[in-house]
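K.L.:
If you want the building blocks of each chain, they are given just below.
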Amino acid sequence: MRNVALILRRELASYFATPLAYVFILIFLVLANAFAFYVGGFFQLGQADLRPFFMFHPWLYLFLIPALTMKLWAEERKSGSIELLMTLPVKVWEAVLGKYLAAWIFTGIALALTFPIWLTVNYLGSPDNGVIIASYLGSLLLAGGFLAIGSCMSALTRNQVVAFILGVAACFVLLLAGYPLVLDVFRGWAPQMLIEAVASLSLLTHFQSITRGVLEARDILYFAMLIGFFLFTTTVAIDLRKAD
Amino acid sequence: MIKTEHLCKHYPAVTAVEDVTFEVSPGEVLGFLGPNGAGKTTTMRMLAGFVTPTSGRASIYGHDVETDPLAARQCLGYLPEGAPSYGEMRVQGFLDFIADVRRLEGPRKRERLNYVIERLQLASVLEQPIETLSKGFKRRVGLAQAIVHDPPVLVLDEPTDGLDPNQKHEVRTLIEEMAHEKITVISTHILEEVDAVCTRAIIIARGRIVADDTPLQLTTRSRYHNAVSLQLSRAEQLEAAREALAALPAVADVEVREREARLTALPRAGAMILQDISALAASQGLQLKELRLESGRLDDVFRTITA
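Chains as they are written, first to last, in our numbering: chain A, -15 to 228; chain B, 46 to 352.
Hints may be right or wrong, so weigh each one.
[Stated by the list, open to error] Under the rule of at most 25 Å between Cα atoms (straight-line distance), these lysine-lysine pairs were calculated in the DSS-like manner: (1) 226/A / 62/A; (2) 48/B / 226/A; (3) 75/A / 62/A; (4) 180/B / 213/B; (5) 75/A / 48/B; (6) 154/B / 75/A; (7) 227/B / 213/B; (8) 62/A / 180/B; (9) 154/B / 227/B; (10) 226/A / 75/A; (11) 227/B / 48/B.
[Stated by the list, open to error] Covered, in the sense of this in silico footprint (three residues per stretch, anywhere, with C-beta under 8 Å from a C-beta of chain A), are these stretches of chain B: (12) 125 to 133; (13) 141 to 147.
These aren't lab readings, by the way, just hints derived from the structure by calculation.
Every residue, glycine too, gets a C-beta built ideally from N, C-alpha and C.
Take these sequences, add in the hints, and give me the full structure.
P.N.:
Structure follows, in structure tokens:
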């Protein structure tokens, strides 16, 4: 675990060594609030809750998270630093996990910086803070899921743009797995069981169930398995194709 | 001891390395020589456990690089080709990170960091992001990370590439100093470097080992080994001298460089021709500016074996 912590610290520091961190946080905050106020109708609804704020997070993450993860491995391959990292006495999974956790903590920082809207809603009314906390947790889990997918896509290529596009596409499919857009592909030929299995993978469904304030074990388990699966795949992809 | 047995690396379109077998013992400095694309870097990457061999195996002090990679890497200081690092990091932060991963702690860590910073003259750039450094500094940062944990095995891919002559000299001195107890493998295409630091040279061409010998022994394979080179003070004697030299039974061939009025007589295999030639020069009344016995040219050997 010591190596995980060392890699995590190095990665996190490198976010803040470049404009990336500041640009990401700024854009995230501006967009998250703009969507809540202008598209979500935060004031017009006249309700003291943050639903119009959280409902856009999946769509924000859909583009911002792959932008964050595209460099995770693709850049290491491109710059050759992967050769340095993979010849240090570090296990592949330690590097994968360290990088992933750094990205997740970074997203967590960006998410935490949205706290003024929480203060605002508490000042204006008396919202159900339990739901808000659950929603923050749901948003963090959703980001974690996207980050794991993005990490895997970045491990497959040395080209960051390809990693970004693959990341957006994979996140989009999993996000809407429970909706006709994805399910219609399977309808007509796949057995009902498979269709239901695909539908149950829908990130959006699980996210919405958490943001309603219901923290169910199966939703948490879903995210844990999703993250575990994609990090495992990342590890395999890196291990098999270190030098390519 | 490091050991490779029948290492092969095949890519779909090319064979990068074919049946490479060698052993290196402590105290040896092995120079890997070969034209670009000959398989030097691939071999070193397989030693470092970065590239998986198609077949064959490599081990470092008994630790197989594929089945026991962590133990193998702990003994190893590795400078990858092009000295990659994390460009956005500052030199101090980068070396700190490597030292931490290498399990250096407390006073020992400070001592080792101070040592590499001093030896590789990095003090002036410690607070600079690595990507803003010149090529020479980047290479030295790469070397610093390779030696910071004082590993028993050093594998350095082109350690002096991009350095100016003074820095090259510094790095060679450093390698020589560290070499006593260590196993050192360097790759280079600078032949003078092999003469300067290596106790042994392996020449690779098209993925195969074509020569494995001491640099001195390699030079004896040169057709210039024991050749005699003479420079005349009067250019008009050149033609006569050439004919006289070519007539000597032990002389295989004579090369002429007219502009310098220089002749080089190449001996037949095993023959010593210096005596004959100096006697000839006296009897023919040749006026010599210089008379020199050549020990052999590594670049000539290199070209002959790798062509």
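K.L.:
Decide, hint by hint, whether the structure agrees.
P.N.:
Evaluation of the provided hints:
1. 226/A / 62/A: 12 Å, holds
2. 48/B / 226/A: 22 Å, holds
3. 75/A / 62/A: 20 Å, holds
4. 180/B / 213/B: 13 Å, holds
5. 75/A / 48/B: Holds, at roughly 23 Å.
6. 154/B / 75/A: With a Cα-Cα distance of about 22 Å, the restraint between residue 154/B and residue 75/A holds, given a limit of 25 Å.
7. 227/B / 213/B: 20 Å, holds
8. 62/A / 180/B: 18 Å, holds
9. 154/B / 227/B: 20 Å, holds
10. 226/A / 75/A: 12 Å, holds
11. 227/B / 48/B: Between residue 227/B and residue 48/B the Cα gap is close to 14 Å, so the pair holds against 25 Å.
12. 125 to 133: holds (count 8)
13. 141 to 147: holds (count 5)
Hint check: no violations occur; every hint is consistent with the structure.
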